[in-house]
Each structure stands twice: as C-alpha cells, then as structure tokens.
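Enquirer: Sequence:
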Amino acid sequence: MALFAHLDCNNFFASCERVFNPSIIGVPVVVLSNNDGCAIARSQEAKDLGIKMGEPFFKFKDLIEKHNISVFSANFELYGDMSNRVMTIASQYSPEVEIYSIDECFLNLEGITDNPRDYCLEIKRKIEKCTKIPVSIGVGPTKSLAKTSTRVAKKFQNKTQGVYVIDSEEKRIKALKWLKINDVWGIGRQYSKRLLSNNVNTAYDFTCLEEKWVKDNFTTTSLKLMRDMKGIPSIELESIKDKQSISVTRTFESRKEDIEDIRERVSTFACKCAERLRKQKSLCTRIQVFIITDYFRQDLSQYSNTINVKLPYPTNSSIDISKFATMGLKNIYRQGYRYKKAGVIVMDFVPESSHQLTLFENRNPKHTVLMKSVDKMNAHYSQDLIRLACQSPGKTWKMNQEHISQRYTTNINEIIRVKA
DNA sequence: TCTGGGGTCCTAGGACCC
DNA sequence: TCTGGGGTCCTAGGACCC
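Here the working numbering = 1-based position in the first sequence + 552.
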C-alpha cells in the first residue's frame, strides 16, 4: 500500500525570524513582500488579529502599534538556508523525497515504517530540535490525502500533537467532510465558485461527483486530484527537475517614465536570469520582456505589453540576454506612461551539454569563459560585484526593506551575536 | 503616498498541411 | 447555392500552487 507523508513548516517565514529573535515568540509577527508591499507570512497571533495573506501593508499599519506587531521585510536568503536545513533532516527519513516548495515536502513512507504516527513524531521532534522550526506532518495513502492530514494536524494541534494519519476509510471521509472545498489543494477561487454553485461544499462532496462531469467542467488535473482524494494514488512523487522557465520581475519603488531607468532595471533582471540559467546549466532560446503601468491607479492612463524575443542561438550569457531583452524593451516601450513594474522571463531551454554549434553560429565563445569568471567572483566576493556597464551602479535601484533582519546563517558579518 | 514574486500545467483556437 | 475532414504544432491566456 502506498504511504505518503506531507511535511509543512508552520508559518515558515515568521518562524525563521523567531529562531534568531526569541523576543518575538508569543507576539504577532508579520513578514512583508519585496518593497514592504504586503503581508506574505503571519504568525498565528497575527492571523488571529485578522491580518490576511497578501494584505497591503498600509491597510494594517494602524494595527502595528496597537497590538505591538513585529514586522519584517522578507529575507529570502535566510529562509532559503533554513529551508535547506529542514529538508536535509527530512530527507534522512525516506529515500524518496519531493521538495514541493520552500516550506513543504512529501516523503514516500511505503515499506519504511509500520507505525507512521510515531515515525513522523520522531521526524518532527528531530527537525524542531535541530532547526527550531515547528512543523506539522500529515500521512495518507495518497499525496492529496497526506496534505489533507497536515491541515487536520495543524488545525487541531493540541489533539494531534502536530501529526495526523489517515489510515482508514472512516478517517478519510471524516477529514474530507471537514475540509471546505475552497481549501482543497488544486481547487482555487474560480473552481470553488463553480463548485459551490453546484452544491459542492466540501472535499468529500467533490469526491462524490461523476468523473465525466469533473473532466468536462474542469481539467484532467482536477480529475486526477479527485481520484487521488478517493484514495487511488494518481498524483506521483516528483523528483527534482530543471526549471522550464526562469523569471525576474519587480515592482518599482516609484513609477518610472524614462526608458533609460527602465532599461537599467530590465538589464539587471536579464543578468539575474542568465546567472540562474548558468547555475542549472541550461541555455535559453526565448526571452519574454514585459512592462506594465500601475493598475491600482485607474485615474492614470494604463498601458502594458509583452514581447517574445526568439534568439538566433541558445545562450546563457548575461551580455547576450541583456542585449536581447533591451531590444525587446525598446519595441514595447511607449512614451508618456508611468510604469510600475517590469520583468524578464527566459524560456525554451536546451541543456548546455547537448548544445550543438550551428553553422551560422554567432554566439561568442568568449562569453562562456567570461561568465564563468563573473560567477566565480560574484560568489566569492559580495553578490553583484561585477555588473555590466549598462547596469550603472549609480542608478541601481534599491528595494524598500525597512524591516529586514540579518542574514544570520549565510553571511559571516551578520552572524548572531551573543552577549557574554 | 503605500497593493510580491516565482513557478507549473492545461486548453482553445489559429495556422498549416495533406 | 452548394463549400471535407483530419491531423499536428504552436501560442496566449487562464487556471492553479507556494
């Protein structure tokens, strides 16, 4: 019998901040998105105050002082490193692990234990001891049921001690009847609206639908999900795959009109894309560039556009990608608008190794060597030491990060200090 | 004044071919 | 006036996830 565990860190980003700052344990904590735009993580206390996921910062600013909320700018370097630690420990408990997101993973427990509850309590204990990150674990015969179990484990923490196992038909039905349709993995806003209007209120109702109806009204993915929740394993554990696209997009700290300012941003985004491409040893053959004005300001004139640039040859050179992205930008830029956001997305990859030189190759082989040394130096010294000339340092933009914590675990200068 | 970022998958519909 | 059918490939857009 198939057996999956799903592990989820509790309020992950907020918990990361608490690891290095025990004074905020027990008080509400909110972590903000880039530019301190909106809430992307909340501790339980902050959730209880009614602060919603994605809520703009300015809308709950008045609550901050009133309830003594600790606010942090997102510190992804710290979270990424803490995530690695959690995942490394989890991986010791199963030969087959899928890292699903920064704070979640699935473990294949088939044939590993006769007592999944105790086994997972041990995993939880170990992770919490070594990393101080609290986790919840759910177990079930399929991935979606394991994920459902995790929700139960979280919701009824006192009863479950943070671990719940669906190991009988009664438990499966009980959990699915409890799970609201809009909380089901794979059922989003649009789908739940349609399902609710058809009197499908819970996950259980969903599993009772006719397969044909689900397939006709939704997609094959939803059908798979439905079978999976019935207990028929239909969603497989996935191994680590190369990315199919890499994107760097940012909201500007202010609105920009001048193409020169935007070009500098786009060039920097392009270089970041190229760097990540090189990291996974891929070359891209298509670049997408987009710009958009501030759609929250309907009083201003709006414009947005996207362009696809097909490259004459596959590349992961920052110089090439920046050049083609800039060309794309020039095509879609229109004067007289105040732009709020731009982005570069690289796609249609080929592996670096299998790339064959084409007859009309005009890729500059020197770039490969150059980029290698750029990456090396940037890794060795501080990040982004080496830039292209067009990323003029004077113009390089700085994010609003008023409340950022230190990179305790990845930067020696920001390591935690202990008073003796 | 102030509203994130990075991904994946699926489908409908157009272009094109025989 | 009548105006095939079937197949493939590609892409934009929309849904979903964290």
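Keep in mind the hints are simulated off the structure, nothing from the lab. What you are looking at is a predicted structure, and each value in this text was computed from that prediction instead of being measured. Please note: incorrect hints may appear among the correct ones.
Derived lysine-lysine pairs resembling BS3-like cross-links, with alpha carbons at most 30 Å apart [as the list claims (entries may be wrong)]:
| id | residue 1 | residue 2 |
| --- | --- | --- |
| 1 | Lys729 | Lys684 |
| 2 | Lys711 | Lys611 |
| 3 | Lys684 | Lys918 |
| 4 | Lys918 | Lys795 |
| 5 | Lys618 | Lys684 |
| 6 | Lys711 | Lys678 |
| 7 | Lys599 | Lys613 |
| 8 | Lys604 | Lys764 |
| 9 | Lys707 | Lys684 |
| 10 | Lys676 | Lys729 |
| 11 | Lys676 | Lys599 |
| 12 | Lys732 | Lys681 |
| 13 | Lys924 | Lys833 |
Per label pair, the in silico range of CB-to-CB distance [as the list claims (entries may be wrong)]:
| id | residue 1 | residue 2 | range |
| --- | --- | --- | --- |
| 14 | Glu680 | Arg890 | 43 to 51 Å |
| 15 | Met605 | Ser720 | 41 to 49 Å |
| 16 | Phe708 | Gln742 | 38 to 46 Å |
| 17 | Phe708 | Thr773 | 27 to 35 Å |
| 18 | Leu852 | Phe610 | 14 to 22 Å |
| 19 | Ser653 | Lys924 | 39 to 47 Å |
| 20 | Thr858 | Pro903 | 47 to 55 Å |
| 21 | Lys729 | Tyr865 | 53 to 61 Å |
| 22 | Asp794 | Asn916 | 41 to 49 Å |
| 23 | Lys707 | Ser806 | 38 to 46 Å |
| 24 | Ser720 | Arg677 | 21 to 29 Å |
Ideal Cβ placement from N, Cα and C applies to all residues, glycine included.
Enquirer: Now tell me, hint by hint, if it's right for this structure.
Expert: Here's how the hints hold up against the structure:
1. Under the criterion of a C-alpha separation no larger than 30 Å, the hint pairing Lys729 with Lys684 is inconsistent with the structure, at around 33 Å.
2. At most 30 Å may separate the alpha-carbon atoms for a hinted pair to count; Lys711 and Lys611 exceed this at roughly 35 Å.
3. About 47 Å separates the Cα atoms of Lys684 and Lys918, which puts this hinted pair outside 30 Å; it is violated.
4. Of the supplied pair hints, the one linking Lys918 and Lys795 holds, its CA atoms being roughly 26 Å apart against a limit of 30 Å.
5. Restraint check for Lys618 and Lys684: satisfied, since their Cα atoms lie roughly 28 Å apart, inside the 30 Å limit.
6. In summary, the hint linking Lys711 to Lys678 is supported, as the alpha carbons are separated by about 20 Å, within the 30 Å threshold.
7. In summary, the hint linking Lys599 to Lys613 is supported, as the alpha carbons are separated by about 15 Å, within the 30 Å threshold.
8. As the CA atoms of Lys604 and Lys764 are separated by approximately 36 Å, the hinted pair breaks the 30 Å bound.
9. Proposed proximity of Lys707 and Lys684 is supported: the alpha carbons are some 20 Å apart, at most 30 Å.
10. Simply put, Lys676 and Lys729 have alpha-carbon atoms about 27 Å apart, close enough for the 30 Å limit, and the pair holds.
11. Between Lys676 and Lys599, the direct Cα distance comes to roughly 23 Å. Compliance with the 30 Å bound is thereby established for this hinted pair.
12. With a C-alpha separation of about 33 Å, the suggested pairing of Lys732 with Lys681 is violated against the 30 Å cut-off.
13. Our distance criterion of 30 Å between C-alpha atoms is met by Lys924 and Lys833, whose separation comes to about 11 Å.
14. Roughly 48 Å separates the CB atoms of Glu680 and Arg890, a value that falls within the hinted 43 to 51 Å.
15. One distance hint, 41 to 49 Å for the beta-carbon pair Met605 and Ser720, is violated here, with the actual separation near 33 Å.
16. Between Phe708 and Gln742 the Cβ separation comes to about 30 Å, which falls outside the hinted range of 38 to 46 Å.
17. Under the hint 27 to 35 Å, the C-beta atoms of Phe708 and Thr773, about 29 Å apart, fit the expected range.
18. With their beta carbons about 18 Å apart, Leu852 and Phe610 fall inside the hinted range of 14 to 22 Å.
19. Taking the beta carbon of each, Ser653 and Lys924 are about 31 Å apart, not inside 39 to 47 Å as hinted.
20. Checking the proposed 47 to 55 Å range against Thr858 and Pro903 shows it is violated: the Cβ atoms sit about 26 Å from each other.
21. Look at Lys729 against Tyr865: about 57 Å separates their beta carbons, and that is inside 53 to 61 Å.
22. The hinted window of 41 to 49 Å between Asp794 and Asn916 is violated, with their beta carbons roughly 24 Å apart.
23. Remark: the range hint 38 to 46 Å for Lys707 to Ser806 is upheld by a beta-carbon distance near 42 Å.
24. Hint check: Ser720 to Arg677, Cβ distance near 25 Å, so the stated range 21 to 29 Å holds.
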